[in-house]
Amino acid sequence: MRFEFSDAEEKFRAELLEWIRGALPADYAGAGEDPDADWDLNLKLRRELARRGWLTLAWPREYGGRAASHMTQVIFNEEMGFHRVPGRDAFGARMLAPTLMVHGSEAQRKQFLPPVARGEVQWCQGYSEPDSGSDLASLQTRAVGDGDGFKVNGTKIWTSLGHRADWIFFLARTDPEAPKHKGISFFLSDMKTPGITVRPIVNMAGEHHFNQITFEDVWVPRAQLVGEINKGWYVATTLLDFERSGIDYITAARRVLRDLAEHARMTKGPGGPLADQADVRARFASLAAQAEASRILAYEVAWLQGQGAVPTREASMSKVLGTRLMNEVTDFGLELLGAAARLDRGTDSAPLRGRILRARFDCIAWPIFAGTNEIQKNIIATRGLGLPRSY
Amino acid sequence: MRFEFSDAEEKFRAELLEWIRGALPADYAGAGEDPDADWDLNLKLRRELARRGWLTLAWPREYGGRAASHMTQVIFNEEMGFHRVPGRDAFGARMLAPTLMVHGSEAQRKQFLPPVARGEVQWCQGYSEPDSGSDLASLQTRAVGDGDGFKVNGTKIWTSLGHRADWIFFLARTDPEAPKHKGISFFLSDMKTPGITVRPIVNMAGEHHFNQITFEDVWVPRAQLVGEINKGWYVATTLLDFERSGIDYITAARRVLRDLAEHARMTKGPGGPLADQADVRARFASLAAQAEASRILAYEVAWLQGQGAVPTREASMSKVLGTRLMNEVTDFGLELLGAAARLDRGTDSAPLRGRILRARFDCIAWPIFAGTNEIQKNIIATRGLGLPRSY
Amino acid sequence: MDFGLTEEQKLIRDGARQFLRTTATGAYVREMSAHPTGCRPDVWRQIADLGWTGLIAEERHGGAALGMIELAIVIEEMGAVAFPGPFFSSAVVGLSALKLGGNREQQDAHIPPIAEGARIASVVLESTEMVSASRAGSGWSLKGRLDYVPEVTSADLYVLPAVESRSGKTLLFAIPRGTDGLAAGKRWDTVSHDRLGELALDGAMVGADCLLNGDDASTVLGRLRLVGAGLKAVEMIGGAGRVLEMTVEYAGKREQFGRPIGSFQAVQHMIAEMAIQVSSARHLAYRAAWQLERGGDAGNAVGLAKLRANEAAVRVCELAHQCHGAIGFTQEHDLQLYTRSAMAGRASFGDSRAHRDAVLATLGL
Amino acid sequence: MDFGLTEEQKLIRDGARQFLRTTATGAYVREMSAHPTGCRPDVWRQIADLGWTGLIAEERHGGAALGMIELAIVIEEMGAVAFPGPFFSSAVVGLSALKLGGNREQQDAHIPPIAEGARIASVVLESTEMVSASRAGSGWSLKGRLDYVPEVTSADLYVLPAVESRSGKTLLFAIPRGTDGLAAGKRWDTVSHDRLGELALDGAMVGADCLLNGDDASTVLGRLRLVGAGLKAVEMIGGAGRVLEMTVEYAGKREQFGRPIGSFQAVQHMIAEMAIQVSSARHLAYRAAWQLERGGDAGNAVGLAKLRANEAAVRVCELAHQCHGAIGFTQEHDLQLYTRSAMAGRASFGDSRAHRDAVLATLGL
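Chains as they are written, first to last, in our numbering: chain A, 1 to 391; chain B, 1 to 391; chain C, 1 to 365; chain D, 1 to 365.
Just chain A, with the same shape it has in the complex (with noise of 0.2 Å):
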């Protein structure tokens, strides 16, 4: 047991937070608040971190990656997203381009790959549908073959930056008549074809996120099918271990704490700085002791998938953890913030710019994205600790 990072890892951290101090605006207010008026500096970071290879930091080296350990990957995550740095690349450059390395054709590859490693092309995810959602075996977009290819029509929804998106993957059922999940494929598909409509969803926080995507008879050529045709199940999930690592959810929630710690040592309660005060000190340690709890145990994710493992019940603690435990961070914030709570960031008074209001609604999402965590807890305690599944 090490409970510590190597030196080489302590010094890819110093080298990217030297770099992160230079790639920031003076006045920057942090990726999330304004995702729109942060784009521009997202594509541009993105590129950058193509240049110095950190987009793809954990490819093989056969893709041009650094082949980096896990363990890199993940403080390089920690470090962006603690930060608040724009750039990474979920989509493409570490949930598509993984996959496509494993299931993709040695010319998929070649056409896909490089692109991303460059941070030239956005990808999205089309996944959910209006009537499936946990149960996502039971979507209903129809892929029926045509010629050369397959002709597409459904719905999918939930699709983050879709209106940013060139290009879609996507689950589609090819045999109706199969069990649910043994008639489903995966495709690619360029978001400019003609049939394909993006209808903005906007959330609760009055962002633009997510969209809703229609295929009306989009064709997609059979080229653009990764995998065996009705295996896309396997594919999906391969795609999904890599979609609920983690760390990012704790390492917000650990940003916020440390913005809340600054602001109870700043700021007057009845009698001395709230940081002095013994409720706030009370719910600080316990808050503090599970994020530091939820680090290590993401971490672990990490070293186990280092030793070739696939740490499927890690995985999903990490995300049950790490989402609670942001849901419980900024409500605590908002507890501390006391009536001042209610002002959101057009407010010049609002404490910490109106940010731990914005965290609160934008984390409620998170115990329902990448699977609820009732499904997490299900996988927890069926493929993690055996016991019979429940239905």
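It should be emphasised that the hints constitute simulated quantities derived from the structure, not laboratory data. All values reported here derive from a predicted model rather than from experimental measurement. Treat the hints with care, as some may be off.
Claimed, not checked - Cut-off 30 Å, straight-line C-alpha distance, at most; resulting in silico cross-link-like pairs (DSSO-like, lysine-lysine):
hint : chain 1 : residue 1 : chain 2 : residue 2
1    : B       : K44       : B       : K192
2    : B       : K182      : D       : K169
3    : B       : K192      : B       : K268
4    : A       : K268      : C       : K186
5    : C       : K169      : A       : K268
6    : D       : K143      : B       : K268
7    : A       : K151      : A       : K231
8    : C       : K253      : A       : K182
9    : D       : K169      : B       : K180
10   : B       : K268      : D       : K186
11   : C       : K99       : C       : K169
12   : A       : K268      : C       : K143
13   : B       : K268      : D       : K169
14   : C       : K253      : A       : K180
15   : A       : K231      : A       : K192
16   : A       : K110      : A       : K231
17   : B       : K268      : A       : K268
Chain A is already provided as a structure; the job is to place chains B, C and D on it using the hints.
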């Protein structure tokens, strides 16, 4: 709406409190701390309660009761519970007697009610079996017709006061072919009947409350069948509604909270009495608000019963709230005691005579007994809110 | 103990529910978030016609002379539709301020127009800043800034505290919009449909008739905070109750894995927990209203109600989001309106810390 | 970062698990609750033969010269059987006290018998009372009372703090049982198998060789508290992990409504929560052990570990009880042994309050 008691109710409370002050020995430690030592006091006070008509406060006048309102009954239970006065008769006066008034024959009422009213008989309950807990209706104890009665074989468990009881009411299967709820009957039996064996079960607090009762060819006369044969489930659930009224859990929690508050006032922490420290105050405040909220909900149950309603949903909520609250309160109590939380009643310096630790042990089982809190939540969701059954 | 409503109270509740659920749809509530007063004039007119704006005003002032329980019934129904607008500020706290703090002439002057809905009152109870009052001729000169001023841009009458510059006593003034030297800042960007902001008093000269309650006004202010907190608790429970209803409905309808999600035990238990939270906060909220009506010290009853509502309301919304899945997180879904309201309510009229000491009186702490 | 065990560590773990689960059955643990030392002599002998009593002692003292991680591995397995006895007091804290505070002669005198299991050490770290030390000839006279003394009736060597009567400095003494004027009170009745009690020092005269660490011993005492707290966290997690295993096993086997209760979502989610609690506390506990081994300030690492273990351990037992139903509440079921241990552990070597400031260092608070 009126959130205060009537003058008559307050007068009754004053009278009761007056009696309580005189009834208890000066150095009385409180019921539950050592039930065996308290047993004689329990019997003595029960007969006194009977003489005053308080044992049968809520019984109709035709059965010798005082026909007091449900609210008066709640006041009685609250004050007796809060002051930890032994002498009440849950199984006879509160559960069996009202059940017999509804489902019993004239002869049964004549035979069984007067001794209960006089406080002369101890009843116990034979419901759960080793393999039938939450799924009570799966019970396997058999009663087979035998002359002018039944021959009973089987095992009952978790029978409180089984070792003290003169009589038992119990459920047995009379039609093994019928659907499980429709082949059960409700019986009464003298505990001295040959074939009945009582095995003590000591609980984690080291106390003997529970027993396992074995029936081996026990003969029960037909006159001791309550209600119709194979319709015992209806009788059983009538009785369960009397069991689940909830105020006792909440009262216990309120009492512990009050004891802890006094302890916090008297105990020095770093920089003054514990009661002055913000973290301690925050916990007390949240628990006090939950306690008061739960208490009013229990009053509502009584009020609804007084209106002739059957407040199933409210009673289930009250049970969940009260049992959860008691666990939170006693656990907070142990945290408040710090290093001294370990000291049990046999240690002279144990704070509050080790009572918090004892209470903490005791109440771990409360969310399980009388229908687990999971079953209660199922009831709230399905019977209370109309959601579809989950199984 | 009586948990029932009188026939009249039931009529009020049913009428309020019917009117509000028809009128204040999600679309209406969204539309009002950018509206200057937060209430469309025709809706405000209807509310006045229903007698709500003068619900607790005396008959001689054109009011219905009803009590806090009746007011709570209407407020609960408003909470159930996340009703925006100046009702709470004007018809609850504003009227209470004049009833408690005004003399006969002041009441006769101010209450009737508020009761008939012609004027909007704003009572400043949460300011982090102070105004000082100095005698000037027969009147007063007021100087300073106030924040957390409700209905900041639309109030016709501001009821505000000021510290007498010599004695240090707290005074209470009722000052009409348009008074020279009184300047309302712009409406703040907030979590919900509050219309809070800042008010600057730059040596504003007001007549002696603007001074409410000649004596120290701290008691009146304290009472007004309790009125606000107690009825805010009721409003929050109204919201939480509606969120429970919405969730039960959704869970019974939405299917996954071939069955309604409400048949999954995990979802059932989340919903049961919501019901427990609502029920265990609701009675305390009504008890607070009852205690405010009855008179005497209401600090403990109100504190318990607000603390419990603070804990329950956000928790209920959190659980509702979890049951609704992504759809509940969208702007077009009504759930988020309630979540925002719950967050706003928790921070209004005293957070849980502010009520802690009053709550602990129950335990002698 | 490395979460793996070396081959040697795995052997230690497997050996410890096999020995302890075979030897320390529920029946054994129950039997030991009334035993004077809490460990049957033959079992203690075996433990000594396995090298555990001298695990962290140097080789020249007959020890295995292993580190905190190896010790933690054994302690976790002991937690997993709720192992009673003086091991923690003697082989963990006692040996650490002598290693940190003893000079060469003292170490040579005291460590070998403790390492071979022939003597039991008790270190007094939690006393609410004080002993004063005054010079008397070449030695010291000690006067006062101490409480929360571990292994109070069975220790052969008491390591205890005393305040120098003139300088006010804290000194540390190692005093053998049988010293005149040293009187152990009876064993206290406690929640679990602690063997705590009081020690009276009525002008006990001890030689200069009994004084450990001539200088101010506060640093050593502080370090010993961290050793105790860090390894207690490991022990608590060992218990919680075993409770999780027991519950998974029971839920897979116990049937109600015609299916294993572990197939009900409500039960599954309680068990998933238990697993989350165990996992999220376990690494912190091992990190504390690692930090203690590595040297440097371990306050933060230990504080985080103990705080999280305190929150997790009792919660896990509570959930386990809920899954087990009534059977888990009986004395004859093993679950309650763990529940009692968890409650005892939480109150030992600093409750969550005691570690709060160290924890908050992470946040600069």
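Hints and how they fare:
Under the criterion of a C-alpha separation no larger than 30 Å, the hint pairing B/K44 with B/K192 is consistent with the structure, at around 23 Å. At roughly 78 Å between alpha-carbon atoms, B/K182 and D/K169 are farther apart than 30 Å, so this suggested pair is violated. Taking the CA atoms of B/K192 and B/K268, the gap is near 55 Å; set against the 30 Å cutoff, the hint is violated. Straight-line distance between C-alpha atoms of A/K268 and C/K186 comes to about 26 Å, which keeps the hinted pair within the 30 Å bound.
With a CA separation close to 24 Å, the supplied pair C/K169 and A/K268 stays within the 30 Å bound. With a CA separation close to 25 Å, the supplied pair D/K143 and B/K268 stays within the 30 Å bound. Pair hint A/K151 plus A/K231 holds up; C-alpha atoms about 18 Å apart against a cutoff of 30 Å. With a C-alpha separation of about 27 Å, the suggested pairing of C/K253 with A/K182 holds against the 30 Å cut-off.
For the proposed pair D/K169 and B/K180, the alpha carbon gap of about 75 Å is over 30 Å, so the pair is violated. For the hint pairing B/K268 with D/K186, the CA-to-CA distance comes to about 26 Å; that is within 30 Å, so the pair holds. Annotation: proposed proximity of C/K99 to C/K169 holds, straight-line Cα distance about 21 Å (limit 30 Å). As the CA atoms of A/K268 and C/K143 are separated by approximately 25 Å, the hinted pair is consistent with the 30 Å bound.
With a C-alpha separation of about 24 Å, the suggested pair B/K268 and D/K169 falls inside the 30 Å cut-off, and the hint holds. The suggested pairing of C/K253 with A/K180 holds, with an alpha-carbon distance near 22 Å, which does not exceed 30 Å. Between A/K231 and A/K192 the alpha-carbon distance is near 26 Å, which keeps this suggested pair within the 30 Å criterion. Restraint check for A/K110 and A/K231: the C-alpha separation of about 22 Å stays at or below 30 Å, so the hint holds.
In summary, the hint linking B/K268 to A/K268 is supported, as the alpha carbons are separated by about 26 Å, within the 30 Å threshold.
The structure fails hints 2, 3, 9 (numbered hints given earlier, in ascending order).
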